[in-house]
Structures are given as structure tokens and as C-alpha cells.
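Chemist: So you can see what is in the structure, the chains are spelled out below.
Number of protein chains: 2
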Amino acid sequence: MTAGKRAGTDGILFTDHYQLTMAQLYFRLGIHEQPAQFDHFFRSYPDYGRHQAGYCINAGLEWLVDWMDTARFRDEDIAYLGNLTGTTGRRVFADDFLDWLGTNGSFEAISLEAIPEGRVVHPNIPLTVVRGPLAMAQILETPLLNQLNYQTLIATKASRVNEAGRGRPVLEYGLRRAPDLGANAGSRAALIGGADFTSNVGVSRSLGIPAKGTHAHSLVQVFMARGEGELGAFRAYAELYPDDCLLLVDTIDTVESGVPNAIRVFEELRRNGHEPVGIRLDSGDLAYLSIQAAQRLNEAGFPDVSIVISSNLDELAIWQIISQIEEEAPRYGVDPARLIGRLTYGVGTRLITSQGDSALDGVYKLVAIRQSGMWVPVLKVSEARAKIPNPGKKETWRFYDQRRTATADVLGVEGENPLSDDQVLLHHPTEHTSHRTLNRTEISEVEPLAVEVLREGELVYELPELDAIRARRRADLDRLDPGVRRLINPHVYHVSLTQTLWDLKVDSVEKARSPRSSGD
Amino acid sequence: MTAGKRAGTDGILFTDHYQLTMAQLYFRLGIHEQPAQFDHFFRSYPDYGRHQAGYCINAGLEWLVDWMDTARFRDEDIAYLGNLTGTTGRRVFADDFLDWLGTNGSFEAISLEAIPEGRVVHPNIPLTVVRGPLAMAQILETPLLNQLNYQTLIATKASRVNEAGRGRPVLEYGLRRAPDLGANAGSRAALIGGADFTSNVGVSRSLGIPAKGTHAHSLVQVFMARGEGELGAFRAYAELYPDDCLLLVDTIDTVESGVPNAIRVFEELRRNGHEPVGIRLDSGDLAYLSIQAAQRLNEAGFPDVSIVISSNLDELAIWQIISQIEEEAPRYGVDPARLIGRLTYGVGTRLITSQGDSALDGVYKLVAIRQSGMWVPVLKVSEARAKIPNPGKKETWRFYDQRRTATADVLGVEGENPLSDDQVLLHHPTEHTSHRTLNRTEISEVEPLAVEVLREGELVYELPELDAIRARRRADLDRLDPGVRRLINPHVYHVSLTQTLWDLKVDSVEKARSPRSSGD
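So the protein lines, in turn, are chains A and B.
Residue numbers for the first sequence follow the working numbering, so the first one is 1 and each next one is one higher.
Residue numbers for the second sequence follow the working numbering, so the first one is 1001 and each next one is one higher.
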């Protein structure tokens, strides 16, 4: 648990106050242990302004499950809550409720199904389904959304950066401008979504991968202050790290000083039996400078050393740099494909903060409650039809077409066979008049998306390693239409309801809007 | 320390890998304990796109100092680093360096000056000045920037939201869409910058303020599923919290159902000797609905209960809502000033993520190193003139004019008297030809901005309580020109260098660009 000034801020009280006041109300009514189901899903892809995501990469599950395993109301939490008072000085939480929380205030009775990490996911499809006693399932809302929203947001951005970079390595560098300790979850999500490595040492350790980095401008400055200049800095670095020598060449002047000095040191390294790793460019016109650097490195006999570029990169900046290299490089006698094939992208701020759209709109909605042995669908009838959640217990499938490409994610009622008819009618989740009919023969595969993760608090799912999560991502992306993967103006992927679920939704909305529901 | 999957991610390894490889190089050269000075400052105000900040609110110092007090290289960290290998399988970190880190790898020798939290701050003025042994001061870069950048970013956004809301209460609600554990720092920063309360229970506890909240739509849904409807939910809530009764009225239909049901329950409460607190609107046209709700509440004899509005609020949304109320309310017989005076703003996602500009561009630059008993200024001569840091040991003052309004933040050389002449020449920090001359008589006050916080690791500053930090913020805002506080297209506040510092900078740049510096 975090110590000092932050003590207790990452435990069970990492939640919204109203979750606790509502839990007490459920306790008072005797329904706090009544089984309830909440669905977690997002409503729209991130929209970065000039560009928009056409898919998301699911992430965050493992750390959530880990947090749920240890978070519980401890004596100090109960004592704190017992001292809280309302407007008139009366205690907010009564002893009987606090006693119950002290004994039952953990996630040991929660069951959880989820779409695995690394998978491509879409709006309105439940990513996580929580079933359990109403009070604790309610309290879970805030920490669950907090952890899953952010990691999915960052994994999605990382996937876009990776796609823009045409598979060349992406290094996640964002720690210094990341949101405080959220940086750790962000680095992990970036590694799931498309970053190959991170500079974040602690997260690299926790995931069992090497941390990566070069050196800072300050190293060169120190040597300049000592009168040994940039060349002195490069030599000292090469001597200490002869087989991992990656030099930052833009402290003084990239073309006039940095690259020539790096080449000199690389030649010395080679004479001593070592091969240099590369150079890093961190300012200026990165396309132009990488061409100039490549030209000089090629001429000097280093056609294969890496060129790491960084400074305000995101998917559009990388796309622009690649385009410019393709256009300009030939003029300088540099083969563009060869140059692009030696690039590595250092991506910081814009990845770790998802610059342009800094939050995913994931929600956690009560959809069913168990009464007298039966699951009763419940829903919110708000003004905006698009915001009405799909009621009840559901299943989700991904339909693949004859090209083995994903063609729709389909939400149906539990136990339903989505291919029971020759003609499959798929409803738009909110628009009454919009639907699509598929022939059963057009569908090559129907894949259930969710797995069982927690059964009454017990982990019944083998949490995959980072490599397996990344392989899952690549496999899903391979089966996604290129139009959906497009960086700008992507095709809208189909998310649909079965006829059975559509009918249930229409019926529930009508019932909820009837006068009886709004009064006594 | 964070447990489970995240173990070790919030300790000393919460840093970039290259800080450690550079530290080893300094160790190898024997300069790892040479005193060095790093300045932390940001280069530009957040720019949210359609609107821009004209000032920032400084935040994050207390939690940074707290983290520095406990973060150190522990045995498990040293063991981990000792096992890391480079490209060829050779160990990255040698035993002698790791031994030194094990013994000296804390921030006990670091001295730190800073501008206090809550103060209005501007670009290019050092917010934090770190002096100490080169190696540990270098390692501090990443966690310092991580913690200070994010809190200052969010405190700044909170101040804007607060200004837009004309001083009416702001509740910070962003936890569920905040960046993982960064949410805690974000809530704290929001409370410093302009939020009155947060829904985040853990942070409220750590700061000694009450957490706030109402109830969720799910509460009403539960009662609907039980056949007791919205009115049943409101009654149950009012019964349990008779003196803290704040009802969410938009689950079914705000005007047709929610407000009439709330009024019925408020009347029942009053008959039982309690006064209701208010209602919350969380969807739809918040200006229109708040007018409709106010009209009905007024007619029913509740002209003073709060109307809490929430849903995608930020400073511009609040500004728009207030403008619309001023225009529309009279048509419905509602006094706009009275209505605005009973509003409370629930602000979530857009505050905690600083939507529009999700990172502050704070940097940490080596500016001086002590050699042979003398501080030698050092600097980075990059292509962009604006990025050249101001060299050496400096002091910062805020100049106030005869209206007692802040007119410039001035950076000078340590020990300099900025008012030594009758005419004070202030240089633009980067533009050669741009300067401003003030008569000494125009200046009513010269205020040093930095305080000493750590003297070789020892806390020599009394960290102020939240209330004092907020009072500091309000005092600074009161003395800031309204043009600088403007939400859109703010005046550019003057940040200037004294003649002495300007001359030193020009001289240092010339020296660094001389051939001797770039080679041997």
C-alpha cells in the first residue's frame, strides 16, 4: 500500500463517496446481498479531433483482478467511515452497516466475465460483466472503471502508433509527463497495445522485460562544462556501453556536430571489435534530419545502425515523417524503404496521455437484479436513446465472414443460438429502423468473446503473459478490415443486437416508461 | 508500497532507465557526487484548442517531497539491477556502482527550492530548483517531472473551472475516468486549484476534508425493478439521509417525473422537520432543465435548495450554461442571478484529464555544475532558440505595479538587486530585440517567489495545509490582471530576464557554439 501522505489512497477507499452511501441504503433495505449484474462497456471510440479510432484494444484486466484480490475494508477504513458526519453533525454510517462492511467488505463474492486483454473491442459490447452482492458490486464500479478505462485508452493509442510505424519498434518514453502513478498502468497498456519497450524501469521489472533508453542532453552538457565537449561525452558513453551504444546527436547541431562525432566514435568502437547500436534525433525536422543522418552513416559504413526519432510523436506525426522520407530521401541518394526499415520511434507524452482524447467513456451499468430466484432486467430510461443500456444477461459473439475477416460483434440473450435461422437479422443497437441481414452461409465462424475470470472471488482464468496478450492483439488486427484500422475516418465496425435482445430491450423501455414505474 | 502485480512500481525505480545508465557513467568518471543544479520549469501554458490558459497554478510539491523522503535503492532494487544484461549478455551495472547506489542511493543529499503550491506561475520561471550530487539529482528528473507536471496541469484546469463557475462550489467527480492511480494526485491538485470537494474517498481522508456525492441512476433502477419506482427510491434515500438529501432526478424524465417526485419527498422531509439539500441534473440541456427545475422548486416553496449540474462540464460548458440561463430564465419567471447562485458544478472527466491538453510541458534542465569550488553555467544549444534554458544560479521575483497587480515575473542572477537602477530593463527571455523598460517608481513591490524546501534532504519548510494553499491561490488570482485570467485568448503575462542574466545567456550561447565545445 502506498505510504506517507498517500496512505490509504490506493485501497478500498479508492472509490466514490456515493458508492458507500448507496451501499448503506441497500443494507438498510436488506437487499445489499441480493445478486446483481453490472455491465461495463464504452460508448464510443476515442476521437482525437483530426483523427479517430475505429477499434479499441482491451487492457487492464490483470491489474484490476489483482487489486480486487487485496482491496477490502480494513479496521482503519471502518474507523474512518465511523467518524464521518453529515450536515447536521449526525454520523453518516451506522454501526450495523460498518460491522457488515468489516466482515463482508471484500470482493470475495464477486463473479466476473470479461473479454481478454489484447483483444480488439468495440462500443456497446460488454467488456466486463460483474455479478455479485449488490452492495459490493456497486462499490466496485469506480475502481473498475478507473483501471479499465485508462488502460484500454492507452493500449488503443499504442496500437495506432504501432500501425503508423509499420511495425518498426516503438519505445514508450512518457513517464515524465504521464499522470503521476497512473504512468505505470499507462506503460503496461502501451506495451500491450503496441509499444515494444518502455523506459519505465519499475514496470519493466514487473512485466519481466528489459527497460530501454539512450542518454539525455544533460550528459553532453556535463562534458561540455568539463571542456570535453560532445565528442568526449560520446567516447565516455561508448567506452562504458560498447555493445549498447546509442548516441543522442542533437545537443549542439545534429548535422554539423552530432552525427560526425557519433560516426567518429562508431569507427573507434568497430576498431575495438564492437558494433554500435545507433543514434537518436530528438528535435528539428525529424524526416529531413534522419535522411541527412542516414546519408552520412551510409557513407561512413554504418548502413544498418538504428535511427531513433523522438519529440512529440504520435500516429499522425509518424505517418507524416514516413511520407516525407519517401518523397525526399531519393534526392539525397538514400533509399527510403531502407531508411524506414532502420527507424525506431520514441513516443512519449502523446501516447501516455492519449493526447487529443484523454479519456475513454466506459460505463458500468446495472442491467439485472435477482429477485425471488429470477434475474429481472433493469434499465435507465434517460432522454438520450443511445444511452439506454441493453438489459439483462447477455452473450457476445464475433462473426467472421468468408474472408475470415471480423464483420460484426453481436450481442444476444444468454443461451441463444445466434445462427438458429438461415437469415440472421442484426439490429443496430439504438436505431429502430437500422438493421442488416446476413445469410448464415456468409458467416465462416462465430466466436464467443467473453471468458470466465472470477467465480465468487476465485480466479478461474489463467492470466496470460504479456507475449500472449500481444499475440492476441496481432491476431485480432490481422482479421480486422483495413478500413476499420485506418487512422483517419475509419469505417464504422458493426455492433449489433439479435432480434431476441432487441425485442427484450423495446419491451423493457416500454415497461419502464409506463406511469407505474415512476410513482408508487 | 503498492503490492501484488504492481510491487516496486512506485519506489525508486519509478524512473527512466537512462537515468540509471547515465548515473553509472558519472560514477565511472568520478563526478557522480559533484554538485549540480537542475531547474524545473514549463515552457508554455496548456492550450486546450479553442481556449488557452493565461496562467498556471503550481501544485504537487508536498507529495513529491513525501515520495523523496521514502524512495531509495533497496536490496531488491539493487539485486534486480545487478541481473540486467545488455545486447551481448554482459551485465549493464557493475558491482562498484551498485554498492554506491545501495549506500548513497537516496535523496538525502538533495537541496530543493521551490515556488509554493497554490501560487500562480508562468512559463520559463523555475518552479523547482534542485541542487545535489549529480547522479541522484539526475535520477530524480523523471519522478519529479511526473509528479509536478500532472498536478500543476490539473490545478490549472480546476482554477479555470472555478473562475467560469463564478465561485459557486465545484465538486471533483472524475475518478472513474481518471488515469488509474494518478487519479489521487489529480483529485488533490483539483482541490488546490479550484474544486471545493471531491468524490474520491481515499484522497478526502488523506487531506482531512469530507468526500461528497449524491447517488447514481442505479439506485433508482433498483427501486424500479422492485416495483417501487423513482418515488420509492427518493423516499428511501430521504429517510436514511434526511439532512443530506440530494436527489438525482434524470433517471426517467427530469421535468415530468424526477423533479415532481423530488418535490413530493422534500415536502415530506420538511413536514418531518428536515430541510432538503437539493437535486442533481446529469443529462440533457442543463441550462434549460435547471431553469425548469428552479421554476418548479420555487413554486413549491424550495427557492434555496441546490441544483447540482454535471455531465461533460468544463470551463466553456459552464460559461455557456450561465450565459444561456441569463438569457432564458426570465422567460420562465426565474431570476437568473438567483438561479446561478444556487448552482453547484459536478466536474469529472474533463477536469481530471485536462481534456484538450492532457500534459504540461515541464522540463528539468541541468543549468550549472560545481567544479573546483565554482558554479559553472551549462546549457543546451539546440536548434530552437526558445528552448535554450537560462544558465546558472538564478533568483525570481514578481513585480507588482501601482495598482498592486502583478506585472511581470523576472528572472535574474543570484544576489542581484533587480531595482538597482531608476530604469529597469526587462528582456524577453528568447527574443533578442524584445524588451520593456519600467520606471522604478511604477513598481510597488518586488516579491521573491521561491522558498527553501529541502536542505540536503532535510525538510526546512513548513508544508502548508490545504486551506492555506487555497488562500494563497485566491490571493494570487486577485492580483492578476483580468485579461490574463480570461478563458479565451488571454493576455500574455510578461516573463522577463534582467540585463545581467541576459548578458550571461548570450555569452554562454556564444561559448557553447564555439568549435572547442563540440570536439576536442
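Hint data in this document are derived by calculation from the structure and do not stem from the laboratory.
Because the structure is a prediction, the values reported are computed rather than measured.
Virtual Cβ for every residue (Gly too), placed ideally from N, Cα, C.
One thing to keep in mind: the hints can contain errors.
As the list claims (entries may be wrong) - Computed beta-carbon distance windows for the label pairs:
no., chain 1, residue 1, chain 2, residue 2, range
1, B, R1090, A, G49, 44 to 50 Å
2, A, E431, B, D1335, 38 to 44 Å
3, A, R28, B, A1109, 54 to 60 Å
4, B, A1471, A, L459, 47 to 53 Å
Chemist: Each of the hints needs a verdict: does it hold here or not?
Modeler: Against the structure, the hints come out as follows:
1. B:R1090 <-> A:G49: 44 to 50 Å: 46 Å, holds
2. A:E431 <-> B:D1335: 38 to 44 Å: 41 Å, holds
3. A:R28 <-> B:A1109: 54 to 60 Å: Check passed, 56 Å falls within 54 to 60 Å.
4. B:A1471 <-> A:L459: 47 to 53 Å: 49 Å, holds
The structure fails none of the hints (numbered hints given earlier).
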